[in-house]
Amino acid sequence: MTKQIRQLDRVVIRFAGDSGDGMQLTGDRFTSETAQLGNDISTLPNFPAEIRAPAGTLPGVSSFQVHFADYDILTPGDAPNVLVAMNPAALKANLADLPRGADIIVNTDEFTKRNLAKVGYQGSPLDDDSLAGYVVHPVALTSMTIGALAEHPVSKKDAERSKNMFALGLLSWMYSRPYESTLRFLERKFAARPELVAANVAAFKAGWNFGETTENFAVRYEVKPAKMKPGTYRNITGNAALSLGLVAAGVRSGLPVFLGAYPITPASDILHELSKHKRFGVLTMQAEDEIAAVGAALGASYGGSLGVTTTSGPGVALKSETISLAVALELPLVIVDVQRAGPSTGMPTKTEQADLNMALYGRHGEAPVAVIAPRSPSDCFFAALEAARIALTYRTPVILLSDNYVANGSEPWLLPDVESLPDLRVDFATEPNGEDGTTFLPYLRDPETLARPWAIPGTAGLEHRIGGLEKADKTGDISYDPANHDFMVRTRAARIETIPVPDIEVEDPDGDARVLVLGWGSTYGPIGAACRGVRQRGLSIAQAHLRHMAPMPANLGEVLRSYDRVVIPEMNLGQLAHVIRARYLVDAISYNQVRGLPFTAAELETTLEEVLKNV
Amino acid sequence: MSEPVALKLTAKDFKSDQEVRWCPGCGDYAILAAIQQFMPELNIPRERTVFVSGIGCSSRFPYYMNTYGLHSIHGRAPAIATGLSVSRPDLSVWVVTGDGDALSIGGNHLIHALRRNVNLKILLFNNRIYGLTKGQYSPTSEVGKITKSTPAGSADAPFNPLSLALGAEASFVGRTIDSDRKHLQSVLRAAAEHEGSAFVEIYQNCNIFNDGAFDQLKDPSTRDDYLIRLEHGQPITFGADGRFCVVHPPGGFGLEVRETSSVRPEEIVVHDATVTDPAYAFALSRLPGLDLRNTPIGVFRSVDRPSYDSVVQEQLATAKAKVTETPEQQLAGLLGSGDTWTIL
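Residue numbers (the working numbering), protein chains in the order written: chain A, 95 to 709; chain B, 410 to 753.
No more than 25 Å apart at the CA atoms, straight line, and that leaves these computed lysine-lysine pairs for DSS-like: (1) K251/A x K207/A; (2) K543/B x K554/B; (3) K372/A x K729/B; (4) K250/A x K299/A; (5) K591/B x K424/B; (6) K370/A x K283/A; (7) K250/A x K207/A; (8) K372/A x K731/B; (9) K299/A x K283/A; (10) K731/B x K370/A; (11) K318/A x K299/A; (12) K97/A x K318/A; (13) K417/B x K591/B; (14) K370/A x K729/B; (15) K424/B x K568/A.
Everything labelled a hint here was simulated from the structure, so no lab data went into it.
Sequences are here, hints too, so could you generate the full structure?
Now the structure itself:
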């Protein structure tokens, strides 16, 4: 049977099922196949905090959304064109996000009376007209998978578990994806159990062949490769990129990286990743608690390592006292906060940007630190290098504010040339620096960076004592002198405030925009997509995005004041807007959402158009 | 390996230029002097020695040692020292802490450093009171202690620091007294020689807020009858002419003190610090009464167990041994690992 082939410029697919259905893996494989084809991609995993929530229930639904296109895209897409629903719960939980006319592929085997009742369906939505506005493809996914594996020496349970590969095969056929990487992946994943490799490959092929032969699917789609810069790419999540950035910081500084971490969602993957890279001299320690994790990292920095600690908001709160000690000791320290929805345990697997205040101000005393926020998954790599650069050059704690959206989302990454990465080499103090030629002054500063010498234990002649008590300028001796304290507090503030950071750039292709949208961190994609939408309607709008939250770019005030209105969308209740108003006396419009999900481009577009109307 | 060069350091080399600011008469002075006198014996260069402390009177200690020193925050010294020690196995890292610092706010870090067997020498100055905050009861204060924060007497039971350390899998546990320099140095010597965590409780007198807390152990008229001086390989007897001894009563779980004349010589326990089962050292740690009678001092336990530092460094060395590329080449390989694609 010859199938019609239709060209599309972009598609958004959402794979949804029970937490145990392997939807994250399915989405991940589809993404990898799509990357191989050369489409631009952006992904959004969305899963519950519970490892195995009760099967078939709404809280147990796990989903993975992938957006791919033949042009550069900025977000995982607002609304799916295709929903793969592995059970009634997945259908019910996701239906509201689907636009009319979307394709729904449902696993009919799971639409049993019991499963329907679990999620409150009176009858099956497949049998009434509630799905009339959609193109529904009923597929007996489970039974067809089991049927396809009848001759395979695997248990019925293992056969049933392969149904996600059937779904992947079907979708791969539907969107003409190259599948070699998936076959290689299955061989690696089940290397110890060849019968499972064969079963999963067979399930995948059964899905593919089903698409090709059934009349249920009349159309096959193609999305041509996007025009992307030449080079070698890989698909990468923010947490993976951040981990690699830390490894790169070790290589480029020539220092051992020490990671002290306590497991916490959504930051644990960085600990897992870094623990694999011992050959780079990366030492990871799973500490007894968050406080020990940062303490050990600081101790390692004192000894000449690049000390790093990774956590999420509740962990940063616990580390606060030690970060203040690092401010007083003036030692390098990188604190990674992969933000999640708070307060308290909040929604551990959902995203939010509400730790900005804590990063900027959440310490006792005047304890300024540098703060950096990556804007996308791949930017996490460069943000980690930048955090390390500032920490090492200026001997200061640096907070890296990632969030769940960039940490678990993924995008194609043009691999950088290692030699082009910043040179982070540091000079440890080796000689006395006092005028008499024999004294060592641990708090005598470099006049340019205001950094103090980093004299590590083991260096003969530089034995010295430091601590949390206020220190006298230059000598570092304990001092209660009022003038000295005033001087040291101001110097520590100046040390951060004078770190040179790149000017903020404004994107205003029309050149006549009167409204500026200012964002920070992971909202870069949705804001950018919204601005594109606004411009496509013939309106002008400017976009600027902050990466350095402390210190802020020197030109920021001037940029803000050159627009009639400034709009600041944030996934919090206006924390950056508050800073902007206070620092620059700009009456910014704060647009906020705290739903645990990224902004959709559509909602931002509507908001921006409202502002534009009133300028 | 060549023979280590004798550094010929003296106590004076370990004195920093900082004015010592403990209260006159504080037991800390005696401990400081004993340690400064003892350090040259280790023949470790001053620059490779680091003292890390938390908060409290005892935690000012690093300022007075002419080595590297880090005066950190309350309770966190074992955590900070762990990061330093495991990443710098060439250093000799000492933690100085107190009963409040180590057992109250920093209890978690202490027990985890001990279970990991980090190569730290942990000196706990126990004066059974909060000194720096001016006299509140501590987690080693006796029940009923009347202090500023417990005018009606403290209601909570104290920790026995050695029992706690043993429960936390400590591989070396000892106890000594601030005023007995010779004994203090002998315990430190054994601690310094131990690979892994060495936990030493030092009874220290706070003459301002808890004066005389250990007088029975110091007063010539009582000390011999109160103190049990543990000697590895020797039967445990004490008191004038060895009139008391320690036995393991049949059917009991622990150890008990008896009149030596009332038992057969073979019933007297011969001290062995290397016994693998911590129950023995634990039983020793339970001997003292509320009045400090039957207080053992010396090395309770000293067993071989790989240190955390050595295991971690071995893992790093194993991983690095396979490397043939430059770090930059390795990094390029790592960045380009997994599924990649090339756009021309």
